[in-house]
Amino acid sequence: MAPVLLGAVPFAFVAGVAATAAGMTPAQGIALSALSFSGIAQLIASQLIAVHSPVVVTVAAAFVVSLRFLMYSASMAPHVAHLDWRWRVLLSFLMTDQSFAASVRHYADAGDTRHRHWFFLGAALTLYTFWQASVVAGVLAGAQVPARWSLDFAVVLTFIALLVPAVRTRPDLAAAVVAAALSLAAAGLPYRLALVVASIGGIGVGLAIESRGRR
Amino acid sequence: MSVWIAVAGVALSTFLLRASFIVFIDPHRFPGWFRQALKFVPPSVLAAIVVPGLLMPEGALDLRPTNARLLAGIVAIVASLRLRNAMATIAAGMVALWGLQWVLARLA
Chain A
1 MAPVLLGAVP FAFVAGVAAT AAGMTPAQGI ALSALSFSGI AQLIASQLIA VHSPVVVTVA
61 AAFVVSLRFL MYSASMAPHV AHLDWRWRVL LSFLMTDQSF AASVRHYADA GDTRHRHWFF
121 LGAALTLYTF WQASVVAGVL AGAQVPARWS LDFAVVLTFI ALLVPAVRTR PDLAAAVVAA
181 ALSLAAAGLP YRLALVVASI GGIGVGLAIE SRGRR
Chain B
216 MSVWIAVAGV ALSTFLLRAS FIVFIDPHRF PGWFRQALKF VPPSVLAAIV VPGLLMPEGA
276 LDLRPTNARL LAGIVAIVAS LRLRNAMATI AAGMVALWGL QWVLARLA
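Just so you know, the protein sequences line up as chains A and B, in that order.
Under our numbering, think of the first position of the first sequence as 1, with each following residue one higher.
Under our numbering, think of the first position of the second sequence as 216, with each following residue one higher.
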């Protein structure tokens with residue numbers, strides 16, 4: 001977990017800076033982070049709030065970038081099905097790209113898996129604490145961070161670190177390439193709609209190539 | 216006020232997506248193609264976020280060798296393929312960006 005924490009600190013700091021730069025009050029920026037606990041959802045929401053987008057557009061864009069949680073949720077579900085609903089609500093709330101990746105490795109290990117939710121909880125709570133502390137620092141630092149530090153690039157780098165291991169098969173690669181091309185071609189669309197178009201296109205092409213390979 | 220409604224909406228959508236299959240529905244009640252499609256969500260969404268960040272740092276397509284973010288991004292991708300380590304990837308990309316910006320500022 002230690003490397004994950006080191007990566008999360010600058011990312012969370014950038015998310016905090018972005019909330020303040022978007023014109024949100026410190027309370028709003030901190031609430032956004034404490035309740036959604038997702039860097040990319042926080043950043044996209046901040047970008048859209050900054051340009052006074054309608055609430056529906058802001059929420060829809062955050063929803064699209066968070067669709068990957070559906071896949072994480074489906075993979076985690078069998079491992080936590082034996083827990084009562086309060087545990088499952090808590091673990092869902094704390095799920096992140098990083099804790100999902102850590103738990104998948106953990107659940108892949110042989111042995112008794114019935115008590116592994118304690119591992120997941122410990123890892124997730126540690127990340128939550130570091131994340132929120134860095135967001136608060138970013139919210140308070142706000143515009144004082146010089147642009148030439150390019151700290152916002154830590155966000156792109158975090159997603160590169162998630163994207164590369166997520167591309168394992170040819171259909172994965174095709175989905176990523178098509179989504180990338182569409183995200184550039186549709187970049188002129190308002191309200192970050194390019195992200196929606198690109199994601200749907202990538203998923204469609206991945207599915208099409210995989211189903212053709214099976215025939 | 217509308218900012219608070221947006222905050223609540225974003226919080227609710229992220230929670231509902233995370234809790235979808237863990238709390239509310241059994242994934243096996245969905246057709247096979249739907250579960251297949253879920254696999255392609257991370258590569259698609261992540262590529263759609265990463266690639267414009269590298270190729271359109273100022274909002275317009277920039278394929279010139281002076282695009283420091285593109286070059287630093289390539290360094291990070293190679294680091295990720297080689298090292299399979301998130302922290303090393305982020306560190307390599309950040310150091311590459313700072314180094315390239317330093318060099319480009321002196322060439323300009």
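Check before you lean on any hint, since a few could be wrong.
[What the hints assert, rightly or not] Have a look at the derived ranges for each label pair, beta carbon to beta carbon:
#1 A:Leu121 <-> B:Asp277: 27 to 33 Å
#2 A:Gly122 <-> B:Leu298: 22 to 28 Å
#3 B:Val318 <-> A:Ala27: 40 to 46 Å
#4 B:Arg250 <-> A:Ala143: 41 to 47 Å
#5 B:Val293 <-> A:Pro54: 37 to 43 Å
#6 B:Ala223 <-> A:Ala141: 23 to 29 Å
#7 B:Asn300 <-> A:Ser150: 18 to 24 Å
#8 A:Leu121 <-> B:Met216: 34 to 40 Å
#9 B:Leu276 <-> A:Ser211: 31 to 37 Å
#10 B:Val310 <-> A:His115: 22 to 28 Å
In case anyone wonders, no lab produced these hints; they're calculated from the structure.
Backbone N, C-alpha and C define an ideal beta-carbon position, used for all residues, glycine too.
How the hints compare with the structure:
At roughly 44 Å, the beta-carbon separation of Leu121 of chain A and Asp277 of chain B lies outside the given 27 to 33 Å, and the hint is violated. In this structure the supplied range 22 to 28 Å holds for Gly122 of chain A paired with Leu298 of chain B, their Cβ-Cβ distance being about 26 Å. Range check, Val318 of chain B to Ala27 of chain A: about 42 Å between beta-carbon atoms, so the 40 to 46 Å window is met. For the hinted restraint 41 to 47 Å between Arg250 of chain B and Ala143 of chain A, the CB-CB distance of approximately 45 Å keeps it satisfied.
A hinted range of 37 to 43 Å holds for the C-beta pair Val293 of chain B and Pro54 of chain A, which are about 41 Å apart. At roughly 25 Å, the beta-carbon separation of Ala223 of chain B and Ala141 of chain A lies within the given 23 to 29 Å, and the hint holds. In this structure the supplied range 18 to 24 Å holds for Asn300 of chain B paired with Ser150 of chain A, their Cβ-Cβ distance being about 22 Å. The given range of 34 to 40 Å is respected by Leu121 of chain A and Met216 of chain B, whose C-beta atoms sit roughly 35 Å from each other.
Between Leu276 of chain B and Ser211 of chain A the beta carbon distance is about 33 Å. The supplied range of 31 to 37 Å therefore holds. Checked against the hint of 22 to 28 Å, the pair Val310 of chain B and His115 of chain A fails, with Cβ atoms roughly 40 Å apart.
In terms of the numbered hints stated before, the structure departs from hints 1 and 10, listed from lowest to highest.
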